[in-house]
Amino acid sequence: MSITEERTNNVIGQRMLRREDPALLTGEAKFVNDLAIPGALHLAVLRSPYAHARIKSIDVSDAASMPGVVAVYTGKDLQSTWAAPMPCAWPVTPDMKNPAHYPLAVDKACYVGDGVAAVLATSESASRDAIDAIDVVYEPLPAVIDLEDALSDRVVIHDAIGTNTSYTWNLKVEAAEGAVDQAFKNAAFTVSERYVQQRLIPMAMEPRAVAAVPQPFGGDVTLYSATQVPHILKVMTAITLGIPEHQMRVVAPSVGGGFGSKLDVYAEELLCVALARKHGAPVRWVEERSENTQATIHGRGQIQNIELAADKDGRLTAVRVRLIGDMGAYLQLVTPGVPLLGAFLYAGVYDLPQAYDFSCTSVFTTMTPTDAYRGAGRPEATYAIEVAMDALARAMGIDPYELRKRNYIKKEQFYDASGNPTGYTAFHGLNYDSGDHLAAAEKAMQHADYVALRKAQATQNVPGARKRLGVGMTSYFEMCGLAPSRVLASLNYGAGGWESATVRVLPTSKVQVVTGTSPHGQGHETSWAMIAAEKLGVAPEDVDVLHSDTAIAPLGLDTYGSRSLAVGGVAIAGACDKVIDKARLIAAHQLECAAEDLQFEKGTFSVKGSPDKAVPIAAIAFAAFTAHNLPDGVEPNLEAQYTHDPKNFSWPFGTHVCVVEVDTETGKVDVLKYVAVDDCGNQINPLIVEGQVHGGVVQGMAQALYEEAVYDGDGNLKTSNLAEYLVPAACDVPPITTDFTVTPSTTNQLGVKGIGEAGTIGAASAVMNAVIDALSGLGITTLDMPASPNNVWKAIQAAQGGTK
Amino acid sequence: MIPAAFDYKRAGSAEEAISLIGQYGDEAKFLAGGHSLIPLMKLRLAQPTVLVDIGRVKDLSYVRDAGDHVAIGALTRHMDVEKSPVLAQHAPLLAHAASHVGDAQVRHRGTIGGSIAHADPASDLPATTLALGATYVVQGPKGKRDIAARDFYKGFLESALAADEMLVEIKVPKMNGAGWSFQKFNRRAQDWAIVGVAAWRNNGTSGVALVNMGSTPVLASAVSSALSSGASIADAASHAADDAEPQGDLNASVEYRTHLAKVLVRRALEEASK
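Order-wise, the sequence lines are chains A and B. Each residue of the first sequence is one higher than the one before, counting from 55 in the numbering used here. Each residue of the second sequence is one higher than the one before, counting from 75 in the numbering used here.
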């Protein structure tokens, strides 16, 4: 039964204010660094100032004798502490090269920020002062910051593996051998484009913070961490430190954003736990902002070469992609898998025949490791296909929207001949659950007033115009709801993709939902309560949501990849169904009827056809608790656990349109209008959905216009604070029009798809297409991100032969 | 984000502050609004061993009509400069420029004297007061002296202030209805200018100064000379960078910065001439 048929409580779909916000907005929410932990020692990490250097010697004697300093450790000192190197859970190929990576470097530092020594002191300031007193002698080695240079192995970073190439991963799908080559040979039009996905710094509002608290006897440890993944962290900490898993408890208190950067297992988490056990005292660490720019993973970092082949009408006949992925100095938790998450999406929302050739080679560089960052692989893929589609439209001399319309997968292709929803099985074999790209695009175009814009553009963009108008669009498909465990197995991922939920109706009929998702800003407590309230027919305020503590919610796979609703939310609905099934047996017993004669509506069971014969779930909860009169074989208490393993990814989609004005004198880009029409299936709380779109769009826009982690030739990060790394602020953000189409997912009972990453996935390419569109009349057809004033001005100068 | 250890002294008056700074010598720094110094200390780029806090010296916060000029106490917050009715009437360019400093939080804490004494070429108010021909009043152990803004800036974060002197007042000549413009070009609203221009024009006289076009705020004298000898705005603006020695950074190459200065000076003069 689908939720729409069963919808009886009218909670789902309400614009409810987030219950999380009062504590957050008044500063009462407790983050890791707010926890009072008596007797805690403070950890500080000395980081390499060199991108690549041999560690010749470390003298800690001065530091060790400073007031308040308890101990100083080097990588060598702790070598025997680690039962295993730091984890990478995604060996994407059997021969992937993964150099051993320890919390502190031993012989060599491989990026600026690589930890080389650790201080424990009785105060944070004493620990910070002491790291300045550690004397390290380095032998500097050449930095490797260019991906093509890394590929050449001119300088090999990890001696033990003898090459900078970690792996090459291919996805070639051809209807018949040679289909791709043939398509390019026969194409009426081809384009060949090269794009650079610059490195981005995720820059969560709360930097990372860790506190490890050992129990006095028996070896149990509680690890508090600003993490997205308490469950994964628990397993990995146990393995890496050789601690029996049942002795590890991980708690993520209020967490101030992550965007993927807290989907990881970090050196400082392992150091805090190891040293807390060693010293028998709590150990805590909080990351400084500049430290965060170097010691927490970066995102993106790809060179993309994409070629499209099209027939005379512009219909795509083949796509060929060659990527170089920047892994940074080491592989973190899912580093190598990020390009794979995009590998299926380089044909975007288009009806491509089986002629697809994708290959990614990933390399080590002497920079901060990369890993998943909001969208992880999918924004990169969407950018490549969508900017290339505009290039194809220019090559053909047709309107970019017209080109897209000729290529969209059509609504009817998601149904069989008799109109049954079957999904659309794409060239690579994955099934897209549902979609109507044209409807979303039409809606976006209406909001943008596309026809009028093109007219205005023709009037405005005359030769010599100081300000030029540009319109850009992107239609995207997002692979969300990570993930069907069997698909993950085929991609060599080290875990499953299920999610767990427990729903418990207490004796007084209040409800506890226990979830394995781990919110860090998404508003899960609000949305999950709404799901349970809808299903059980209770008020949302009567539902409490428990999460992010492995002692309270022992089963879970956490929050990332727009999975929480499409997997975790569906698990809650499933657990509610089990609760209702059990309650139905008790109700039938009380009402002396057959269970199948009962209907459940607005929290009450009643006998079909005799509505006066009814019992509310509240009464059943109490009866289940007292257990005075339960049917035979029914256990006391009203509680159920359910684990949902999705049978498919969910596939949100949409069209974004961006309108810009470019000042040709200064190169400055002003975004005049941004329209986002997204389709995430059914919406639990539209207010939260809109918030996610806003944040995502700004983050994608930031990649297009503002953000870039810049390294100099020696491998120094030049953008290591918020004055130099340009995260846009509220006053820099243009008005964003959000609207939606609703095409429910057919593969889960809530009909939901996920919205956490959609904005980011659509925005960067929509903005860049608009900027290039504004400038194409000046002969500019390609532009690197970010489209900073300096970069745009340089491009205009170059296009005009350096004269002006 | 943890500065190195330092001693903290609070001064109740300008005299006490000057005496304290004399006592501790080179290792001491005045702390006013703290919005330039504290970030440098947190990054450990500045490690003064003593801070002399002058934030409670109340009689240095004022904006007064002083006849031919407006007198501004050095500890006047940016927000009070921005909102001052006296400045709105007699030196609107300065009040407007103050509204572009940082964000609202910075403007409520930072002071005009702190910004000028810090002598950051990328700050808005040093260049603006330079364009306006301001005079800075500084006080030392032997009393007060005046330093013209054009003689004040000596190098990157270096000024004519002696180690035991404190900036106490900024005298800004009244603009007498001159046309003016403040052009601040940046990527985010809260940032320092990539290039900024403060300009005014009145009956054949003019003042133009540039933000972030060298190691000090730059008086674009060549522009004013060209204007007074009858050059068109476009021609005068082509001299915008004649007196500047801009540096390249992540936001702008030397070439781009030079180009921007010309564009922005032209726009500023066009606006000031309306």
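Quick caveat, the hints were computed from the structure, so don't treat them as lab data. Quick caveat, the model's predicted, so the values are computed rather than measured. Hints may be right or wrong, so weigh each one.
Said to hold, decoys possible - Facing chain A, according to a computed beta carbon distance under 10 angstroms, are these residues of chain B, among others:
{"no.": "1", "residue": "Ala78"}
{"no.": "2", "residue": "Ala79"}
{"no.": "3", "residue": "Asp81"}
{"no.": "4", "residue": "Lys83"}
{"no.": "5", "residue": "Pro122"}
{"no.": "6", "residue": "Val124"}
{"no.": "7", "residue": "Lys132"}
{"no.": "8", "residue": "Lys245"}
{"no.": "9", "residue": "Ile268"}
{"no.": "10", "residue": "Asp323"}
{"no.": "11", "residue": "His333"}
{"no.": "12", "residue": "Arg341"}
The beta carbon of each residue, even a glycine, is placed where N, CA and C say it ideally should be.
Do the hints match the structure? See the list:
1. Ala78: Holds, about 7 angstroms.
2. Ala79: holds (7 angstroms)
3. Asp81: Violated, because the Cβ-Cβ distance from Asp81 of chain B to chain A comes to roughly 15 angstroms (cut-off 10 angstroms).
4. Lys83: violated (20 angstroms)
5. Pro122: Since chain A brings no Cβ nearer than about 16 angstroms to Pro122 of chain B, farther than 10 angstroms, the hint is violated.
6. Val124: At 17 angstroms from the nearest chain A Cβ, Val124 of chain B fails the 10 angstroms test, so the hint is violated.
7. Lys132: violated (30 angstroms)
8. Lys245: violated (31 angstroms)
9. Ile268: Because about 7 angstroms separates Ile268 of chain B from the closest Cβ in chain A, which is inside the 10 angstroms limit, the hint holds.
10. Asp323: holds (9 angstroms)
11. His333: holds (7 angstroms)
12. Arg341: holds (9 angstroms)
In summary, the structure is inconsistent with hints 3, 4, 5, 6, 7, 8 from the numbered list given earlier, while agreeing with the others.
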